[in-house]
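Asker: Sequence:
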Amino acid sequence: MTQPRKTPGRGSGDDGSPAGALKDAVTKGVTVPFDRLQEALDDAVRRGRIQRRDAEELASRLLSGVGGGVQELVDTAKARVTRGLGGLPIPEYETLTAAQVMQKLEDLTDPQLRIVRDHEVHHANRVSVLRAIDKRLG
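So in full-length UniProt numbering, the last spot in the sequence shown is 138, and the numbers never skip.
The hints are all genuine.
Distance windows between CB atoms, simulated: (1) R49 to A124: 12 to 20 Å; (2) D35 to D107: 33 to 41 Å; (3) Q38 to H123: 25 to 33 Å; (4) D134 to R46: 16 to 24 Å; (5) E57 to R131: 18 to 26 Å; (6) D35 to K135: 28 to 36 Å; (7) Q38 to E106: 28 to 36 Å; (8) Q103 to R36: 36 to 44 Å; (9) S60 to T109: 14 to 22 Å; (10) K135 to L96: 17 to 25 Å.
Quick caveat, the hints were computed from the structure, so don't treat them as lab data. For every residue, glycine included, the Cβ atom is placed at its ideal position computed from N, Cα and C.
Make a model of the complete structure from these sequences and hints.
Answerer: Below is the structure:
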């Protein structure tokens, strides 16, 4: 008797994660109308998930096909999924002083910096930390 073939659940990639599904979709090709892309990015900005300038830069890269816009999108999505499962990319973030947080920023990727920035804006909102993150992001 043959066993039924198991297929990944909806919204999961080869590794079973939502980030894996996004990576699979992006690497296999995705067609998104411009107005839908703009609507999704506008919604992300309204929700505080991404800064306006980052959304505009990402849209520009995706539309022009230049640089790592798609890879950045995958990295950011993966970092957000990781954050949802394991917290912020800086352990014990809430117990750290602004100076301690700024020291730890050096080890973070751009998507991780954006996660920390989003969290900082919605919680302690320390100007020195936000400036340090913005400086790292360029």
